[in-house]
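Engineer: Each chain, letter by letter, is given below.
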Amino acid sequence: MKLKEIAHSRTGDKGNISNISLIVFNQADYKLIEEKVTAESVKSWFKDIVEGEVTRYELPELGALNFVMDKALGGGVTRSLAQDKHGKSLSSALLEMEI
Amino acid sequence: MKTIRIGSGAGYAGDRLEPALEVIEKGNVDYIIFECLAERTIAIAQQEKMKDPAKGYNSLLEYRMDKVLPLCAEKKVKVITNMGAANPLAAAEVIKSIAEKNGIKGLKIAAVLGDNIVENINNYMNYDVLELETKLDSIKDQIISANAYTGAEGIIEALKNNADIIVTGRVADPSLVLGPIVYEFGWDSEDYCKIGKGIMIGHLLECAGQITGGYFADPGFKDVEELWNLGFPIAEINEDGTVVITKVEGTGGKVTPATCKEQLIYEIHNPKSYITPDGVADYTGVTMEEIGKDRVLIKGASGRQKTETLKVSIGYKDGYVGEGEMSYGGSGAFERAKLAGEIVKKRLEVTNVKIEELRIDYIGVNSLYQDEIADVMFNDKAQCREVRLRVAGRTINKEDAVKIGNEVEALYTNGPAGGGGATLGVKEIVSIASIFIPRNEIKTEIHYKEV
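Protein sequence lines correspond, in order, to chains U and F. Its first residue numbered 30, the first sequence is counted upward by one per residue in my numbering. Its first residue numbered 1051, the second sequence is counted upward by one per residue in my numbering.
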């Protein structure tokens, strides 16, 4: 199953750091993403893109996880050579992950 | 219990105006905020100010104020905005002349200054730069701008002095909202549990349409009606810091716990420590409840004491990016685009173009997520029937950057078959470096103008 079937997501940026939220549609699915979508699995999924550490923060009341990915934006929004310098489209890639 | 209503009129420098006018006209709001500064915007504005000392504010200021001021005067709505960018004083002067032109009387305009420290930047050359792992000295000759993220104190003081329109420079985004909340409820600026709630409300409003269904729709998964007519948000804030997020009735978009959650987590790192100049907000206890159509009750944020330092955003010249693109179609499109990319790379090598970093993307295949994820998403890249080559390189000199796009364009007559739609360009890079300075080195100044 793709994450997209049970969760939604939005990406933000600060300098060379990207943060991606992962929010379940139904609270009952929170345990599943908490168990399956770890900092390690996200780091591995984005291994071409993220050079630094991935840290996961949990917001169980909201059914949400927040992944903070260091050195993820090609040197930062201002100097990145990427087409999507802010990494805004990374949320859609996270939702493609199979669990 | 006293309640105030604050609307949001812009979530970025170039945002739509019509939804803001709707909020003023039909939203029954006491305040409207316009958040118009991104990390780099102020550095670009500072460059404009250096060319013309009467410029350096948001380029849509005149356009917006010409429509906003008459409506706000009629509806008794106060305006708070960071559209002053690098030159709040000039912006206040522009606002004054627009008010006069529209025959508005009895309006007090405040320009909040003090964030701009570019003239004193030499005092900080031995400070560590967050992004670079070097001292500030290493980019000394490239610096364009330096602005401290300041808090709500200037806005609160201006409101105490009966300002109707407040225009600032680099005030932190949530502070635009926290200011009127603290002023209206007479909160103690060291009651951090409350300050944390106010910061959260500011954070929810600062991106305007991003909480009312903008940047949310995904057909079949997350449907949003009438996105073309997206309504901007209104916060109904209670004295105890609880808030209902809503929008103008009859507009497009939607306000649900899901739209609010996406915005709450947007651009934050540790939800326990959302650091702003006014305090450190804690979102870990936040709860959301849908209490009606397009009405979400949000409570449970708290906060901790503000930090001793303020973040200073320094804009500096960081070389150039040269780019070129060319499209290929039909069967073999990806193979021909790849051949084209190889040709450009080889040409740049043999003609000794000095490039710090080069990136070659195939738009439609791997330009967003690179190869690992592309390989999962496509069974076979060779099946792509439209592929656009994109070559981008960072250089120290402009001349080298120009050659990158030129080599892509030269694919027309020298490259693989059927390339079309070449584009090329060069941009100067303005990067951002951050330092942290003692809070007491920033002094807020307020200038008033009246019509």
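Treat the hints as calculated values from the structure; they're not laboratory data. Each residue gets a CB set at the ideal place from its N, CA and C atoms; glycine is no exception. Wrong hints could be hidden among the right ones.
[Claimed, not checked] Quick list of simulated restraints, FRET-style, between CB atoms: (1) U:Asp58 x F:Phe1428: 53 to 63 Å; (2) F:Asp1290 x U:Ala57: 30 to 40 Å; (3) U:Asp58 x F:Asn1464: 25 to 35 Å.
[As the list claims (entries may be wrong)] Taking lysine to any residue pairs in the SDA-like style, the calculated list, with each CA pair at most 20 Å apart, reads: (4) U:Lys114 x F:Asn1176; (5) U:Lys100 x F:Asn1211; (6) U:Lys114 x U:Ile128; (7) U:Lys114 x F:Gln1420; (8) F:Lys1099 x F:Val1330; (9) F:Lys1499 x F:Asn1211; (10) F:Lys1076 x F:Lys1125; (11) U:Lys114 x F:Lys1367; (12) U:Lys43 x F:Lys1099; (13) U:Lys117 x F:Gln1420; (14) U:Lys114 x F:Lys1477; (15) F:Lys1190 x F:Asn1211; (16) U:Lys117 x F:Asn1211; (17) F:Lys1361 x F:Gln1420.
Engineer: Does each hint fit the structure? Answer for all of them.
Structural biologist: Checked hints:
In this structure the supplied range 53 to 63 Å is violated for aspartate 58 of chain U paired with phenylalanine 1428 of chain F, their Cβ-Cβ distance being about 28 Å. Taken as a hint, the range 30 to 40 Å holds for the pair aspartate 1290 of chain F and alanine 57 of chain U, whose Cβ atoms sit roughly 31 Å apart. For the pair aspartate 58 of chain U and asparagine 1464 of chain F, the supplied restraint of 25 to 35 Å is violated, since their beta-carbon distance comes to about 54 Å. Taking the CA atoms of lysine 114 of chain U and asparagine 1176 of chain F, the gap is about 30 Å. The hint is violated against a cut of 20 Å.
As the CA atoms of lysine 100 of chain U and asparagine 1211 of chain F are separated by approximately 45 Å, the hinted pair breaks the 20 Å bound. With a CA separation close to 28 Å, the supplied pair lysine 114 of chain U and isoleucine 128 of chain U exceeds the 20 Å bound. In summary, the hint linking lysine 114 of chain U to glutamine 1420 of chain F is supported, as the alpha carbons are separated by about 13 Å, within the 20 Å threshold. Distance hint between lysine 1099 of chain F and valine 1330 of chain F is unfulfilled; the C-alpha atoms sit about 33 Å from each other, more than 20 Å.
Our distance criterion of 20 Å between C-alpha atoms is met by lysine 1499 of chain F and asparagine 1211 of chain F, whose separation comes to about 12 Å. Under the criterion of a C-alpha separation no larger than 20 Å, the hint pairing lysine 1076 of chain F with lysine 1125 of chain F is consistent with the structure, at around 9 Å. At most 20 Å may separate the alpha-carbon atoms for a hinted pair to count; lysine 114 of chain U and lysine 1367 of chain F meet this at roughly 17 Å. Distance restraint check for lysine 43 of chain U and lysine 1099 of chain F: the Cα-Cα separation of roughly 25 Å exceeds the 20 Å cut-off, and the hinted pair is therefore not satisfied.
Annotation: proposed proximity of lysine 117 of chain U to glutamine 1420 of chain F holds, straight-line Cα distance about 14 Å (limit 20 Å). Using a Cα cut-off of 20 Å, the hinted pair lysine 114 of chain U and lysine 1477 of chain F holds, with the two alpha carbons roughly 14 Å apart. In summary, the hint linking lysine 1190 of chain F to asparagine 1211 of chain F is not supported, as the alpha carbons are separated by about 39 Å, beyond the 20 Å threshold. Proposed proximity of lysine 117 of chain U and asparagine 1211 of chain F is contradicted: the alpha carbons are some 41 Å apart, above 20 Å.
For the proposed pair lysine 1361 of chain F and glutamine 1420 of chain F, the alpha carbon gap of about 33 Å is over 20 Å, so the pair is violated.
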